[in-house]
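Number of protein chains: 2
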Amino acid sequence: MLQSKLIGDTKKEWPSEASVISHGLLLKGGYIKQMATGIYTLLPLGKKVVAKIENIIREEMNKIDAQEILMPIVATKKLWDMSGRYDSVGSELLRFKDRNNVEMVLSMTHEEATVFSLLNEAASYQKYPFSVYHIQTKFRDEARPRAGLIRVREFTMKDAYSFHTSQESLDEEYEKFFCAYNKIYSRVGIPQVVAVASDTGIMGGSGAHEFMLLCDSGEDKIVHCSSCNYNANMEVAYTSKVDVVNEKEEKIEKFYTKDIKTIEALKEYTNLKSENLGKAVIYKRLDTGKTVIVFVRADREVNETKLRNLLKLDDEALVPKKEEDADNIAYGFVGPINLKADAEIIYDKSLENEKSLVFGANEKDYHLKGVNILRDVGEVEYVDVSKVLETDYCPICHKKELSISNGIEVGNIFKLGDKYTKMLNMFYSDENGDKNFPLMGCYGIGVGRLFASVIEARAKDNKLNLPPSIAPFDIHICPLDYTKNEEVKNMADDVYNLLQEKGYDVLLDDRNKNAGVKFADSDLISAPIRITVSKRTIENGNKLEIKVFDSDNTSLVSKDELVKYIEDKRKEWVF
Amino acid sequence: MLQSKLIGDTKKEWPSEASVISHGLLLKGGYIKQMATGIYTLLPLGKKVVAKIENIIREEMNKIDAQEILMPIVATKKLWDMSGRYDSVGSELLRFKDRNNVEMVLSMTHEEATVFSLLNEAASYQKYPFSVYHIQTKFRDEARPRAGLIRVREFTMKDAYSFHTSQESLDEEYEKFFCAYNKIYSRVGIPQVVAVASDTGIMGGSGAHEFMLLCDSGEDKIVHCSSCNYNANMEVAYTSKVDVVNEKEEKIEKFYTKDIKTIEALKEYTNLKSENLGKAVIYKRLDTGKTVIVFVRADREVNETKLRNLLKLDDEALVPKKEEDADNIAYGFVGPINLKADAEIIYDKSLENEKSLVFGANEKDYHLKGVNILRDVGEVEYVDVSKVLETDYCPICHKKELSISNGIEVGNIFKLGDKYTKMLNMFYSDENGDKNFPLMGCYGIGVGRLFASVIEARAKDNKLNLPPSIAPFDIHICPLDYTKNEEVKNMADDVYNLLQEKGYDVLLDDRNKNAGVKFADSDLISAPIRITVSKRTIENGNKLEIKVFDSDNTSLVSKDELVKYIEDKRKEWVF
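Keeping their order, the protein sequence lines are chains P and Y. To convert, take the position in the first sequence, counting from 1, and add 87; that gives our numbering. To convert, take the position in the second sequence, counting from 1, and add 87; that gives our numbering.
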């Protein structure tokens, strides 16, 4: 098409609202337009790329025999009541009433809808296993939408659901989706995505992986072992052991610490390091109202996901307890000895075998030094509820080669089990005619976020650097002085017509702009082949200047050789 | 694919909830599943057909250089306030609040969103004209969803918007869309769709057409002139004149009509026909609160769309006035003579030149006969606010060859003018650098309704009879005794593999079902080519039985000739 007609103007300035590179480049390049908080329009360039990503996903889903369907975004409260999630999910589930006062939701995920759609559609065991998927709009009323397309409220998602008559069948299908996901990431240009063990969160179920693109702008923390390749989201990463720091036993001794209520203040006051101190982190569980006190060595943070999983609590059912909550706890001075609070007490693994730590004395303005839990409290159970550190031991190979990186989640897969089929009463008849609830897996990829992630991983300076598989155009022709030099115009038009006839999707920059503007815009459009036509082309015996996306060099190619040159180049690219 | 794996079971019984044939066949064939009132899931067969329809629409949009975008379904009240439609649209616009109490809507159309998306994206006149479109989910909170996919609440729509710097340019583009729409209807198998002049309703603007599929299950009434091909929706159909019925002048005379308040009762009482009577239809306009009385000859109905357009009132701003509304009107006995009500009086064209009619006497229990408006009331203005009858004169050729049919609206196009660009302050700089508001056109097709309409037009008995362009599979292989006869199975598998290798989308019925069930299901699946493999095939020297969708005959074709036979057949089909 002619660039003068392309809707979505490039912006001269870096957008001030952009917090990450993909957000900035998508706005600057005219790919997206913000409509409201966390809600965007895809302009033509954005839509072209997203359509290509969707097609790659669709192809990989079809290859593993998943059947495409389309479920609605609006669902009834009644449906979400069937799984209990209408009540258990927080305010990210958007609830409203229709004109007849019927309570409805905007779907943020489709487990209930899938099962309901399939009631009576797969009654015999012979249909199993099978999978369905759809690529559809979802709405999640995020508290803090951020970073352009990375965390939005309205988004397009591919979500697939598989159904099984045995755990082995679920495990096999899970593996197929796992491989299909890796193919998808490779084909859209980010083969470096890693799968990490993840929390099953509100979905329930027996196992889960997230696919993570490691990059600085990611919100998630990923723990990686370079020895055995163990990968896990920090939320569910464990360590096989924590080195003991304070090995020398000491006498217990109370000391005066007026107004010393934080670890920082205590370090300064005692001239000790964090690992010589113990801390108490205090929560309230909303199901019973009871207090939960976690003791942990002070160089470590409590991992609230692991803690919630230990306590079998939903996302929002555990909150930090505040000093203002009247009770008999000496906030800032809590320790394991003489603790009289009515609370569940949890000891983190980092405290095991420590012979001497400083802890609060459970008395205002006093701490104890020389605390030895085994000696002073007795036998207690130690559990792993703190965040893994790079200095910890890998839980699989027990080596000390962990590293922690930031990551963006670009997909997730879950083994759900029979939670939803049971609650919605979906069953099949087995070979004996008995009724059973099928097991389910679910598999999601956010399309817009995947697009933004590709940019996070691949963009350089102001170049989008998309791979040929998803670039909005195959070829970009940039003629200089197109509107002023007739020879240049004729040559560019000839090449444009030639390549369009060959079936390529070609963009011709027919605008009256200088070379700087044209090349800057071209970097934002990111076609894998750029052909420059200029006065020099004519002077050089009609040799066109060609630059391909995976090289910094330009080649000179005559018009006659052009089609073959492009065909050969494209064959080299595997996506 | 193997039919045993296809999700979406066919149902034995005709679905009791089906009110029209498409609704019944889509449920029976396992194409759709109802999730809530007016909300459906498309199961695999449904999704396949809809995807093909969407691709045909996409191709025709791309051919006229419309650029595809994707706008969100959730919009802010603030956006809809810019056009004033947040207040002017009724409760079919679903309004809700997000977690931060911001007022939002589910978009039922995207004029505001399109203009907002394009603010600052088309600043120079050189980009004009241009069009954008998207294929996206909409929600319209219908009071009475009905007829399966014909009138739903959540639906997928292709809506396009064009932008212009002159009326001529808008007219030209409108013509392009008009032609593209006709191509779309032809390609999906309903070339008989007609374009009719339509009301511009809440959209505003200078002209509009609806595309109508004429069929008994349609809700709209279409007026057609077989002489000049004039077509109009009843809502906006006019007549050039109405024949005078009561030509003989008579003396005016009051007569006693105790409790005779309806035309039916008056006809019986007087032994006259409807056309000898006049009636008064009484409304209240909500903008001023004032009463509106329409006088019309009693064989005709008031056309409320024409009346609202005459009064320049929105859809919901005119309501029937009830007798309970206290005023000085003698309900059931209202007429043009001695009328003392404080009301706007409107005389329908059907009263012009009538010399003697029975009307209410504006006095309880009395009517007048012999009413001659010219003689008894004086000169009044007659306007055309009644529904056209088949006995009327065509407004274009003035011949009396009108017919009225039912129709389903399968698309609409509007010339919007600058209403939305002005209200949202979208402008471009013209050649002199002056700022102007572009003119807009908008162009919509509901995808699901189009699918259902194709079925309404084409289905016969329990056969879906879809055209090859949108049938869910290219070829359906129906082997009889597949699970019991090894020769049949081998032959069917060979043919299946052969045709899949040739790139066709083939469904193989590998189920252990009898011929009756297989053929009934095949009729619902509606592949344009059906290949039957049976014991007879083997006995007949491996001649396959082939039936194509556009013929009632079957052909016997050997396996060796099969591919060529299919290729030749497909070349004959133009869609």
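A few of these clues could be false.
Which copy is meant is left open, so a pair is good if it fits within one copy or across any two.
Stated by the list, open to error - The list that follows gives simulated cross-link-like pairs (lysine to aspartate or glutamate, DMTMM-like), each with its CA atoms no further than 20 Å apart:
(1) K99 - E208
(2) K214 - D96
(3) K139 - E155
(4) K214 - D346
(5) K92 - D152
(6) K341 - E574
(7) K408 - E391
(8) K328 - E488
(9) K600 - D517
(10) K308 - E340
(11) K92 - E654
(12) K487 - E155
(13) K486 - D330
(14) K115 - D174
(15) K360 - E104
(16) K408 - D647
(17) K427 - E190
(18) K115 - E208
(19) K165 - E190
(20) K270 - E388
Calculated directly from the structure, the hints in this document are not laboratory data.
Each hint, compared with the structure:
1. K99 - E208: between (55 Å within a copy, 13 Å between copies)
2. K214 - D96: Result: close only across copies, 10 Å inter versus 51 Å intra.
3. K139 - E155: Both: 17 Å inside a copy, 13 Å across copies.
4. K214 - D346: neither (68 Å within a copy, 68 Å between copies)
5. K92 - D152: Classified as between; 9 Å across copies, 40 Å inside a copy.
6. K341 - E574: neither (91 Å within a copy, 92 Å between copies)
7. K408 - E391: within (13 Å within a copy, 64 Å between copies)
8. K328 - E488: within (13 Å within a copy, 93 Å between copies)
9. K600 - D517: For K600 and D517, only the inter-copy Cα distance (18 Å) is at most 20 Å; the intra-copy one is 70 Å.
10. K308 - E340: Neither: 39 Å inside a copy, 94 Å across copies.
11. K92 - E654: This pair counts as neither: shortest intra-copy Cα distance 27 Å, inter-copy 39 Å.
12. K487 - E155: Result: close neither inside a copy nor across copies, 45 Å intra and 52 Å inter.
13. K486 - D330: within (12 Å within a copy, 100 Å between copies)
14. K115 - D174: neither (41 Å within a copy, 35 Å between copies)
15. K360 - E104: Neither: 40 Å inside a copy, 74 Å across copies.
16. K408 - D647: For K408 and D647, the Cα distance exceeds 20 Å both inside one copy (75 Å) and across copies (79 Å).
17. K427 - E190: Close neither inside one copy (46 Å) nor across copies (49 Å); limit 20 Å.
18. K115 - E208: Between. Shortest inter-copy distance 11 Å satisfies the 20 Å Cα cut-off; intra-copy 47 Å does not.
19. K165 - E190: within (8 Å within a copy, 24 Å between copies)
20. K270 - E388: Intra 36 Å, inter 65 Å, cutoff 20 Å: neither.
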